[in-house]
Amino acid sequence: MSTALLAVQTLNGLQLGVLLFLIAAGLTLVFGVMDFINLAHGVQYMLGAYFAVTAYNLTENFLLAVIVALAGAMLVGLLLEAVIFRHLYGRDHLDQVLATFGIILFLNEAVRMIYGSGSLALPMPEALSGTIRLMPGLLYPVYRLVIIGAGIGVAVLLYVLVTHTRIGMLVRAGASNAPMVSALGVDIGRLFTIIFAIGAMLAGFAGAMVAPIFAVEPNMGDNLLILAFVVIVIGGIGSVRGAFVAALLVGLVDTLGRSSASDILRSVLSSSAANQAGPALASTLIYVLMAAVLFFKPAGLFPARG
Amino acid sequence: MQDLAATMPATHVASPPDRMRLIVPAFLFAALALAPLLGLVGAERYVLALFTRCVIFAIAALGLDLALGCGGLVSFGHAAFIGIGGYAAGILTASGIDDAFVLLIVALAASGVFALATGAISLKTRGVHFIMITLAFGQMAYFVANSLKAYGGDDGLTLANRATVFGRDLLADNRSFYYLSLALLLGVYVFARAVVRSRFGRVLRGAKENETRMQAIGFNPYPFRLITYAISGMTAGLAGFLLAEQSEFVSPAFMTWQRSGDLIIMVMLGGVASLDGAIIGAVFVVLTEELLSGFTEHWRVIFGPFLILVVLFARGGLLGLLTGRRHG
Amino acid sequence: MADALLRLDRVTKSFGALRVTDAVSLDIPRGELHALIGPNGAGKTSLIHQLSGSLASDSGRIVFEGEEVTGLPMHARARRGLVRSFQITSILPRFTALENVALAVQSRSGSSFRFLGDAAREARLNEEAMEALALIGLAERASRIAGTLSHGEKRGLELAIALALGPKLLLLDEPMAGAGDGESEALVAILRALKSRVTILLVEHDMQAVFALADRISVLVNGSVIATGQPDAVRADAQVRAAYLGEA
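Here the protein sequences come in this chain order: A, B and C.
With the numbering used here, letter number 39 in the first sequence gets 39, and the count goes up by one each step, no holes.
With the numbering used here, letter number 315 in the second sequence gets 315, and the count goes up by one each step, no holes.
With the numbering used here, letter number 169 in the third sequence gets 169, and the count goes up by one each step, no holes.
You may find that some hints are simply not true.
[Stated by the list, open to error] With a Cα cut of at most 30 Å, we get these calculated DSBU-like pairs of lysine-lysine:
id : chain 1 : residue 1 : chain 2 : residue 2
1  : B       : Lys208    : B       : Lys124
2  : C       : Lys168    : C       : Lys195
3  : C       : Lys168    : B       : Lys208
4  : A       : Lys297    : B       : Lys149
5  : A       : Lys297    : B       : Lys124
Keep in mind the hints are simulated off the structure, nothing from the lab.
From just these sequences and the hints, can you work out the full model?
Rendered as structure tokens:
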């Protein structure tokens with residue numbers, strides 16, 4: 001593989017990584033602080049994309065579309081929390097899996113009813129639609145760089161929020177010992193609601209940001225949800241830092257694996273065998289990674305608890 | 001509540017008499033045996049296909065209930081076993097081997113080996129991590145199936161014909177196929193019941209309730225769980241074999257994570273760890289899907305909220321609603 | 001004592017900077033009821049955890065019947081006859097009392113990898129389990145769901161489970177904890193009856209019970225054994241009185 005191609009694939013990997021981080025950040029906090037498995041988190045990402053498309057069609061303003069997506073995803077998150085999730089804290093994980101699976105079925109199908117099964121697209125803002133020359137022979141779309149930048153920006157923002165504010169302190173304490181935080185007289189219910197709102201908003205933001213480059217369709221959140229779970233398990237449940245590192249790791253391993261697995265295999269296998277096994281290996285690579293991490297470090301790379 | 005229980009005659013709390021325990025399954029199997037009669041009114045082919053699916057998923061759900069309900073092993077990757085059983089049948093048929101016994105043995109062996117290998121690793125983890133690692137293995141199997149270019153890749157693989165028994169095409173008849181599936185369900189059910197009540201099952205149930213206590217009296221739960229996971233996986237593999245034979249088709253769609261979720265739904269809806277509940281849940285889910293999708297293609301808009309309501313208001317599942325028992 | 005059933009040789013465990021057990025050495029000969037006392041936080045329960053195998057020691061050796069068991073997991077030690085009870089009642093709440101005990105019998109009699117046959121109807125398991133229950137005075141509670149038993153009955157069940165394992169050495173972690181006066185007396189009577197059958201290491205706060213039952217007593221303070229000896233000698237030990245009984 002040439003250097004330019006490697007650079008492009010690395011950037012693509014980073015882009016997938018920050019995307020995963022935006023989704024995984026909320027998931028890992030909800031999981032870590034509330035001990036709550038929220039399968040419906042991927043739906044927030046899909047909703048973000050649909051809110052953005054809808055808002056753009058009405059206003060033809062990209063920035064406004066993103067803001068609407070953020071607000072919309074957050075409102076849906078708050079609504080779900082108030083109506084359903086709140087009754088499931090402290091319940092069996094199995095109950096949580098079942099109920100949030102029901103939410104996925106409902107929201108995916110509701111979106112299909114309203115918008116149809118076909119994929120929609122959000123036009124890319126004119127100013128960001130060009131390419132930029134990063135090095136000789138390497139042109140890269142500006143918009144994808146913007147996604148990477150925005151993702152890293154959010155990561156920094158979250159880091160500051162978690163390490164330097166009162167809420168962040170409570171979140172960290174909650175992830176390592178929720179009963180204690182509750183015993184300190186903190187309104188844990190309100191803390192949960194805030195975390196949910198932020199998580200939903202981040203997932204919605206991710207959805208809106210990728211709407212110009214990915215197909216916007218009803219089940220778009222499902223596979224990303226699974227990847228996000230892989231990320232938080234590798235990173236250590238409840239750890240934002242772990243989610244960030246693991247998201248980039250998963251993004252890079254997945255992207256580079258897909259582009260080079262066949263090439264690498266060709267050095268040990270016959271060409272046709274490598275072409276056969278390459279894609280299989282590439283698409284399972286991150287799951288192998290996760291199984292290996294869990295085998296050697298059962299609590300993930302950056303365990304939040306003890 | 002506790003005081004009330006304490007004043008009741010203990011036997012009623014502990015174990016209802018065996019006759020009572022047989023009423024629900026006797027009714028269930030009688031109903032399933034008679035179900036093809038609905039086909040006499042018309043559309044026999046459709047009725048048989050529908051109820052065969054019910055029976056096949058009941059087998060898979062029973063398998064999952066053994067691990068999830070009795071062993072406390074919440075596997076979110078059981079669809080992989082269905083796929084492995086299905087692909088064993090599909091690939092062998094494509095290679096010109098279509099003897100039912102050979103296919104069945106290979107399907108069971110393949111799903112068993114996959115269960116032992118993945119279980120050996122997964123069972124080192126607990127709780128949520130176990131859910132996630134089984135999900136990961138399920139996804140791995142799914143993507144491997146997708147990449148099987150020689151066997152249709154993501155389009156799947158059509159079986160040229162159903163399996164033969166001693167060279168005769170006994171399974172080609174849909175009614176025979178239905179009753180074969182039903183007989184297998186009965187066999188699995190009887191076996192599962194025996195396992196739960198056996199010495200082995202008692203250790204398994206004990207380890208679900210209190211792992212430390214079991215270790216303190218000299219049991220290492222790990223091998224018990226691993227064997228249970230293998231039995232559970234092989235049962236789902238059997239279901240996959242039947243599903244591929246019935247539809248004469250197998251594809252990666254057999255093993256999506258949503259399908260694993262469906263299996264959990266079946267077990268939970270019926271009532272965890274009750275075995276009868278797994279069958280009820282599977283039949284209920286398959287029939288409900290069919291019924292609702294007859295009304296509207298957007299049946300999930302109804303089914304999704306239904307699941308949420310069950311979780312919020314009916315904690316013992318359908319069987320719990322019927323008998324007043326609750327899990328918790 | 002060459003024929004000590006259990007020998008602890010400089011058993012040590014730290015959590016961070018805190019030494020919960022500090023080079024504890026102790027010999028317990030066959031047939032003895034040895035009591036381990038000490039103020040809260042002295043490391044008694046940590047020591048029990050290390051002996052039973054639920055907590056790994058940092059250093060030191062634990063020798064049981066001449067065989068080193070330091071690295072063995074809990075279930076392997078239980079099978080060798082090194083059996084513990086729990087300070088916080090640890091039973092299978094949804095099993096009947098009889099089943100709780102029958103599982104213990106099952107653990108030492110025959111393979112548990114049997115997939116057929118109704119374990120609840122195995123006469124041999126149930127008979128031995130009933131014997132253990134009867135010994136504790138719980139025979140008529142056999143078919144009750146364990147979770148519905150009274151607190152004292154649960155403590156007794158805990159003992160019956162341990163006994164059904166046919167232990168060579170019983171590690172009893174505060175068997176009287178939370179028991180009422182009447183229940184305590186009953187438990188003392190039961191333990192007195194058990195003394196002749198099995199070696200016991202008893203951790204207990206109830207000093208009346210300890211001095212009534214123990215052949216020898218060890219005093220653990222801040223992770224170290226500061227005295228070991230006959231009850232009267234320990235009672236008279238100045239160091240014990242100073243450190244433990246809080247006397248000048």
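Hint check results:
A hinted pair counts as satisfied when its Cα atoms are at most 30 Å apart, and Lys208 (chain B) with Lys124 (chain B) qualifies at roughly 15 Å. Distance check on the hinted pair: Lys168 (chain C) and Lys195 (chain C) sit about 12 Å apart at the alpha-carbon level, within 30 Å; holds. For the suggested pair Lys168 (chain C) and Lys208 (chain B), the alpha carbons sit about 28 Å apart, so the restraint of at most 30 Å is met. Using a Cα cut-off of 30 Å, the hinted pair Lys297 (chain A) and Lys149 (chain B) is violated, with the two alpha carbons roughly 35 Å apart.
The suggested pairing of Lys297 (chain A) with Lys124 (chain B) holds, with an alpha-carbon distance near 10 Å, which does not exceed 30 Å.
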